[in-house]
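Chains as they are written, first to last, in the numbering used here: chain C, 1 to 278; chain P, 1 to 278; chain D, 1 to 278.
There may be inaccurate statements among the hints.
The list treats identical chains as one, so a pair stands whether inside a single copy or across any two.
With a cut-off of at most 27 Å between alpha-carbon atoms, the simulated DSSO-like pairs for lysine-lysine come out as follows [what the hints assert, rightly or not]:
(1) K245 / K203
(2) K20 / K203
(3) K245 / K111
(4) K262 / K162
(5) K262 / K20
(6) K245 / K93
(7) K87 / K111
In short, the hints are calculated from the structure, not lab data.
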Amino acid sequence: MISKIEIQTQMISAVEYVKKTNPMAGSVTNSVTINLVANAQLAVGGSAAMVYLPEEGEFLANAGGATYINVGTILPIYEETLPQMAKTLYENKKPWVLDPVAIGIGSLRTKLLFGFKEYKPSIIRGNASEIIALAGLWGLSGGTDESNVRGVDSTDIVTAAKTAAVALAKWTGGAVAVSGETDLITDGSVVILSYGGSHFMEKITGAGCSLGGVATVYLTGASSLIAALTASSVYNLAGSRAESKVDAPSSFQVAFLDELYKATPAEIAANPFEIEAV
Amino acid sequence: MISKIEIQTQMISAVEYVKKTNPMAGSVTNSVTINLVANAQLAVGGSAAMVYLPEEGEFLANAGGATYINVGTILPIYEETLPQMAKTLYENKKPWVLDPVAIGIGSLRTKLLFGFKEYKPSIIRGNASEIIALAGLWGLSGGTDESNVRGVDSTDIVTAAKTAAVALAKWTGGAVAVSGETDLITDGSVVILSYGGSHFMEKITGAGCSLGGVATVYLTGASSLIAALTASSVYNLAGSRAESKVDAPSSFQVAFLDELYKATPAEIAANPFEIEAV
Amino acid sequence: MISKIEIQTQMISAVEYVKKTNPMAGSVTNSVTINLVANAQLAVGGSAAMVYLPEEGEFLANAGGATYINVGTILPIYEETLPQMAKTLYENKKPWVLDPVAIGIGSLRTKLLFGFKEYKPSIIRGNASEIIALAGLWGLSGGTDESNVRGVDSTDIVTAAKTAAVALAKWTGGAVAVSGETDLITDGSVVILSYGGSHFMEKITGAGCSLGGVATVYLTGASSLIAALTASSVYNLAGSRAESKVDAPSSFQVAFLDELYKATPAEIAANPFEIEAV
Chain C
1 MISKIEIQTQ MISAVEYVKK TNPMAGSVTN SVTINLVANA QLAVGGSAAM
51 VYLPEEGEFL ANAGGATYIN VGTILPIYEE TLPQMAKTLY ENKKPWVLDP
101 VAIGIGSLRT KLLFGFKEYK PSIIRGNASE IIALAGLWGL SGGTDESNVR
151 GVDSTDIVTA AKTAAVALAK WTGGAVAVSG ETDLITDGSV VILSYGGSHF
201 MEKITGAGCS LGGVATVYLT GASSLIAALT ASSVYNLAGS RAESKVDAPS
251 SFQVAFLDEL YKATPAEIAA NPFEIEAV
Chain P
1 MISKIEIQTQ MISAVEYVKK TNPMAGSVTN SVTINLVANA QLAVGGSAAM
51 VYLPEEGEFL ANAGGATYIN VGTILPIYEE TLPQMAKTLY ENKKPWVLDP
101 VAIGIGSLRT KLLFGFKEYK PSIIRGNASE IIALAGLWGL SGGTDESNVR
151 GVDSTDIVTA AKTAAVALAK WTGGAVAVSG ETDLITDGSV VILSYGGSHF
201 MEKITGAGCS LGGVATVYLT GASSLIAALT ASSVYNLAGS RAESKVDAPS
251 SFQVAFLDEL YKATPAEIAA NPFEIEAV
Chain D
1 MISKIEIQTQ MISAVEYVKK TNPMAGSVTN SVTINLVANA QLAVGGSAAM
51 VYLPEEGEFL ANAGGATYIN VGTILPIYEE TLPQMAKTLY ENKKPWVLDP
101 VAIGIGSLRT KLLFGFKEYK PSIIRGNASE IIALAGLWGL SGGTDESNVR
151 GVDSTDIVTA AKTAAVALAK WTGGAVAVSG ETDLITDGSV VILSYGGSHF
201 MEKITGAGCS LGGVATVYLT GASSLIAALT ASSVYNLAGS RAESKVDAPS
251 SFQVAFLDEL YKATPAEIAA NPFEIEAV
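Working from the sequences, and respecting the hints, build out all of it.
What follows is the structure in structure tokens.
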């Protein structure tokens, strides 16, 4: 099993790489939180670009170091854009992050999410209910076809999604990050629990979406597991720090983005986590 | 006529219900202020979900405790999404809020807003010019076909919209909230004036849209009149409090959302209002 | 050559006009930064309205004092909306601002941007790479067909775009504003360098887009050159002031919008700039 110190060394490299190279990470992401996703990506040192059209999605898929697909708000054109983009990413061995927001709402969303199975996203990020529902949709263990997704919120706790997360990671060969009070990250062989964060995360929209966007930025220069863990770590660190300075959600969001920007590679790697074999 | 104390008791119940149950209120809303709408809904204790597609709109209409339709930015697909959604809401007796933003711009907007007449929104929220124009479009008294809507801004004062607001409320059997320096809320039998707020409300985009979103959240657990008044009251309270702490609009927006979150049920019910028979 | 004092007098008039008349400036702009564009337009004293549909774009083109077209995120309907809108603006002699964001990504974006050549935008605002690429697309001197645009970022410095900016301004008969560490504004006969700003501008998304939106507001009451310079000046002033008060990007954005609101006509005109003949 990979050692904690080795993981931390790789996390530091990932953060330093991003801060030095300002890598471009393109996205098709939802309109509710699109601004927060971009600002979070910029705060950690990355560069953001968002598009809607098939041809433009393919352009970003090829041009970016890693790409983010978040299905939070589906537009009609996505029926063309997203499968084409995911296919390009998979065939060109380009890493990408999937956020299956609100899985279960609408047949196009379901069709798109089902279709991503064969294009094996490098990182899947969601709350517990979304991860369980995606495993169910893909016919993997730990999944259920009776979704507990309620709009964009989770009604399951993170540990309940462990089996589903491991199964998804084994299928994709990448990593899965389950967001919750404690975050669970797995690559199918190890399970990492990342601690910290803030109760205010649930009182602003887009904490999860922007975490997916930041994981995409780190994925331009790190493995799926390291990118997912680094993103969760900087979120947990910045969340804790921001919470200590404010008493309400909007101030929290400002302070949180500020702390994302301020967090150093060593501080991010030192954010508490535990690792265990699957 | 309903007494002030009875109204306040119901307002307290509405706020407590939302804070305890975190009710889901789905929206189709405009892209300019969509993030603020969601964050305002979360700040008062609700849950938000935004969609574009017909089938997804119908899903939210059925799944949510109440639903918000804001026509601020029209996409081509709305020609299908919005009528279908409004029909579902009406036929299933699900409460919903309409914000007729920028009524008068474009024939599809006009067609959609005209079509909503038969689906009787539980709450209509707008500025004075929008309320007068909607009454005109629906052929009700107090309306005019010579709109004074200028883009998204109002050129009429709230009291000038009283006749139109009462006529609209009588038609729908719900409530109408006219936003302005003083807010006017009516259910067709009583007219309530709600005081407070801030001049900075006009210096940020989305104060009105997010008020509609918050009214939708309260509508999951209260009557149309109470939900509309409670939303106006928390806005007027949070606006006044925020204004006292800042000297410019962007700081105001942050402080305002913070105060939305902090306002207690009793404080919201105690925000100044006056009630009179129509 | 126009004198500095004459320019400053016109800048003061432009800012006063906007603060007094609250002019409406409609936009079709990208979804990533649409909220910031609107809030920046409101902060300086203007009024904002954003649409997507062809007929609505034409409505705003006719109704507004000036109009903003920003191609940052292209939707399928823009194939109809944008050419029709630009044609209306040109034929009705209505001033308008073009922001050729991410020129080079996708064939529809290229086709739309190429088509704008004949409709001669009053102001073109972009970073150095975008200005060079647009001059190239339009077959003007200083342009290149080998774009250095990387997503939405520039890899060229402002002075490298001087020839292209002058050529574009001569073609349109309007002004071109190149954003960078120092901003370059030209009307084809004079070149003005505007100083100030903040390194945090690159750490938030939408500094450029919202500058285009604010230039549009000033264009309702000033010449192309004065509007472009006034917008750059208030951005440089507010950026410098905001930077002195914060230590991270999200606090910067809040402080920056606040300073946009607070800046007086005289202060904006006094922000450092230099003028030279082409």
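Hint numbers contradicted by this structure:
3, 4 and 6
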